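Peer 1: First to last, the protein sequences are chains R and V. This note's numbering puts the first sequence at residues 88 to 377. This note's numbering puts the second sequence at residues 2 to 239.
Don't read these hints as lab results, they were simulated from the structure. These figures come from a predicted structure and were not determined experimentally. Don't take each hint at face value.
To be verified - In silico EDC-like cross-links for lysine to aspartate or glutamate, where the CA-CA straight-line distance does not exceed 16 Å:
{"no.": "1", "chain 1": "V", "residue 1": "K108", "chain 2": "V", "residue 2": "D118"}
{"no.": "2", "chain 1": "R", "residue 1": "K366", "chain 2": "V", "residue 2": "E3"}
{"no.": "3", "chain 1": "V", "residue 1": "K108", "chain 2": "V", "residue 2": "D120"}
{"no.": "4", "chain 1": "R", "residue 1": "K282", "chain 2": "R", "residue 2": "D296"}
{"no.": "5", "chain 1": "R", "residue 1": "K366", "chain 2": "V", "residue 2": "D118"}
To be verified - A few chain R residues facing chain V, derived, Cβ under 7 Å:
{"no.": "6", "residue": "P250"}
{"no.": "7", "residue": "A264"}
{"no.": "8", "residue": "F283"}
{"no.": "9", "residue": "F332"}
{"no.": "10", "residue": "F341"}
{"no.": "11", "residue": "V349"}
{"no.": "12", "residue": "G350"}
{"no.": "13", "residue": "V352"}
{"no.": "14", "residue": "V355"}
{"no.": "15", "residue": "M362"}
Note that beta-carbon positions come from the ideal geometry of N, C-alpha and C, so glycine has one too.
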Amino acid sequence: MDPVTLGVVALMGAAATIAGAAEDLESDIGSQSNPNSQVQLAPQMGHLHRMINKAASGEPVSYGVWCGTAGAIAALAISAGIIPVVAIAMGSTVAAFVHAIYTVTSHLGRIVGQSQFEQPLFMDVLTQSLGPIAAHGFIASFGIVGMSYLMTLPLDGLGHPFPLPLLAMLWGITIGAIGSSTGDVHYGSESEYQKFEYGGGTPVAIQGDIVTKAPTGAKNSIDVGNFCAKYGGPLTGFCFGLIVFVSFWITLVFGTVPGQIVGIVIIVLLILGNMYLEKFARTKFGPYEE
Amino acid sequence: MELISLIILVIFIVAGGVCIGGGVHFIPVGGAPAAMSTATGVGTGTAMLAAGAGLTGLITAASMTGQAWYLVALAGAVGAMLMMGITMLIANFVYIFGVGIVPASSKASIDPITKLDQDPYKTPGTEGHGVPTVCFVSGIIGALLGGAGGGLVYYAVDSFASASTVLSGVDATAAAGLAAIVSVGIFFINSVAASYNIGGTIEGFHDPKFKRIPKGILASAIMSLVAAIFVILMLGGI
Numbered sequence: 088m089d090p091v092t093l094g095v096v097a098l099m100g101a102a103a104t105i106a107g108a109a110e111d112l113e114s115d116i117g118s119q120s121n122p123n124s125q126v127q128l129a130p131q132m133g134h135l136h137r138m139i140n141k142a143a144s145g146e147p148v149s150y151g152v153w154c155g156t157a158g159a160i161a162a163l164a165i166s167a168g169i170i171p172v173v174a175i176a177m178g179s180t181v182a183a184f185v186h187a188i189y190t191v192t193s194h195l196g197r198i199v200g201q202s203q204f205e206q207p208l209f210m211d212v213l214t215q216s217l218g219p220i221a222a223h224g225f226i227a228s229f230g231i232v233g234m235s236y237l238m239t240l241p242l243d244g245l246g247h248p249f250p251l252p253l254l255a256m257l258w259g260i261t262i263g264a265i266g267s268s269t270g271d272v273h274y275g276s277e278s279e280y281q282k283f284e285y286g287g288g289t290p291v292a293i294q295g296d297i298v299t300k301a302p303t304g305a306k307n308s309i310d311v312g313n314f315c316a317k318y319g320g321p322l323t324g325f326c327f328g329l330i331v332f333v334s335f336w337i338t339l340v341f342g343t344v345p346g347q348i349v350g351i352v353i354i355v356l357l358i359l360g361n362m363y364l365e366k367f368a369r370t371k372f373g374p375y376e377e
Numbered sequence: 002m003e004l005i006s007l008i009i010l011v012i013f014i015v016a017g018g019v020c021i022g023g024g025v026h027f028i029p030v031g032g033a034p035a036a037m038s039t040a041t042g043v044g045t046g047t048a049m050l051a052a053g054a055g056l057t058g059l060i061t062a063a064s065m066t067g068q069a070w071y072l073v074a075l076a077g078a079v080g081a082m083l084m085m086g087i088t089m090l091i092a093n094f095v096y097i098f099g100v101g102i103v104p105a106s107s108k109a110s111i112d113p114i115t116k117l118d119q120d121p122y123k124t125p126g127t128e129g130h131g132v133p134t135v136c137f138v139s140g141i142i143g144a145l146l147g148g149a150g151g152g153l154v155y156y157a158v159d160s161f162a163s164a165s166t167v168l169s170g171v172d173a174t175a176a177a178g179l180a181a182i183v184s185v186g187i188f189f190i191n192s193v194a195a196s197y198n199i200g201g202t203i204e205g206f207h208d209p210k211f212k213r214i215p216k217g218i219l220a221s222a223i224m225s226l227v228a229a230i231f232v233i234l235m236l237g238g239i
């Protein structure tokens with residue numbers, strides 16, 4: 088085991104953690120993932136809102152596009168002799184611009200579609216949310232392209248055969264799937280329905296009855312970011328960082344074939360950990376009363 | 002190109018496609034309702050979660066480029082299972098500590114693995130929530146099949162592209178990249194078709210919708226066969 092390679096893998100894990108947290112918070116602020124259905128439904132239920140809704144594309148595919156764009160520009164700049172960290176920043180900047188254009192067009196389209204239910208288009212909501220969305224998207228793209236670049240370094244145990252833009256696109260799709268599966272649940276199940284009692288799922292009967300008021304004034308998408316930054320976002324980052332680190336750590340430390348066996352042992356431990364967690368929740372919360 | 006190489010390529014792509022298409026049926030996805038804790042499973046779409054796991058498997062499988070086919074497939078399976086396992090565990094952390102609910106299945110009144118009651122722990126008015134053990138194990142099996150299938154397709158196309166006279170003189174990165182793009186394409190073809198077969202959400206192998214798997218596998222085999230013919234035409238030349 089080369090200690091330098093292990094350090095690079097740890098750095099990949101750290102970059103993935105930051106990218107994962109930023110990705111989840113961006114998708115929460117922009118209602119990009121499945122909870123967008125409630126933002127879309129709310130005006131029909133009589134709840135006009137000041138939320139961004141840019142879910143014209145699924146989160147994994149759109150993140151594949153941002154990260155693939157950033158990776159392609161970065162690869163081009165690196166081949167032109169620009170130092171990698173600057174090249175990756177250049178790629179991520181271009182991706183942030185593409186992201187901002189997508190945000191404006193998709194939000195306008197989705198909100199205008201709700202005009203028949205008297206939902207207004209608030210231009211101040213769009214302008215105040217655009218910066219945080221593009222900035223979080225930049226951090227996510229930078230982290231993922233940076234991590235992909237580290238994977239391609241010609242070090243013992245690394246040196247991935249895929250080109251940089253392709254790796255960035257594949258990891259972009261993966262982080263979109265992870266953010267959609269983990270952190271966005273905190274937005275959809277808790278932030279959108281915070282006015283209902285903690286400790287229950289969302290019954291079908293109250294769907295669309297989302298929170299539209301904040302402690303001061305109307306709730307907006309930035310309030311969602313503040314809420315989810317306390318739990319859902321960091322946990323998504325932890326999840327993605329762990330996946331990236333463990334995937335490479337096993338073969339690096341234990342070798343090619345024993346590494347796969349260690350991977351299977353970790354998977355068995357994950358199953359047992361989930362069983363323990365489920366039993367803990369049952370003991371802690373108990374059943375619902377009839 | 003020898004006939005035997007072409008036959009092996011087709012067999013690997015069809016077998017990989019069948020593994021991917023079959024594997025998607027095992028993955029517990031609740032779609033948008035699961036994101037609001039209204040349905041059991043992971044809160045995203047079928048094809049997207051399968052693709053996320055499968056592509057992680059593809060990246061780990063490609064790390065084994067140059068090794069035997071079974072090692073490439075094993076690395077793909079382990080990578081995909083790790084992604085799926087960690088994602089489902091962290092999702093349960095969000096469900097339990099962020100939303101305050103107990104994972105509960107709506108398709109099985111008693112979890113076939115842990116033998117725990119499910120109905121009393123479901124929030125009234127919902128179709129269950131979270132990822133209970135039976136769904137978790139089913140998801141791991143799905144990731145195993147999806148990751149191994151993706152690895153098989155990658156191995157076959159990479160070997161074929163590296164030996165192809167059409168690509169002679171092109172560096173190895175281009176062949177690996179081409180193999181990856183073809184693998185991703187075959188992955189999406191099979192996972193999207195499987196998600197149409199499922200028709201929305203599925204909890205795993207205990208869900209009644211799981212009985213649709215034979216049709217899904219047949220469709221995957223036919224689609225992968227057609228895809229394999231196109232791969233031969235693209236990489237081998239006409």
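Peer 1: Now, for every hint given, state plainly whether the structure supports it.
Peer 2: Hint check:
1. K108(V) / D118(V): Within the cut-off at roughly 12 Å; holds.
2. K366(R) / E3(V): violated, 57 Å
3. K108(V) / D120(V): Distance ~10 Å between K108(V) and D120(V) Cα, so the pair holds.
4. K282(R) / D296(R): Holds: K282(R) and D296(R) sit about 10 Å apart, inside 16 Å.
5. K366(R) / D118(V): The given pair, whose Cα atoms are some 11 Å apart, holds under the 16 Å limit.
6. P250: Check passed: Cβ of P250(R) comes within 5 Å of chain V, closer than 7 Å.
7. A264: holds, 3 Å
8. F283: violated, 11 Å
9. F332: violated, 10 Å
10. F341: With Cβ-Cβ at 12 Å, over 7 Å, it is violated.
11. V349: Hint on V349(R): violated, closest Cβ of chain V at ~9 Å, above 7 Å.
12. G350: holds, 4 Å
13. V352: Violated, about 10 Å.
14. V355: violated, 9 Å
15. M362: holds, 5 Å
Violation of the numbered hints given earlier is confined to hints 2, 8, 9, 10, 11, 13 and 14; the remaining hints are satisfied by the structure.
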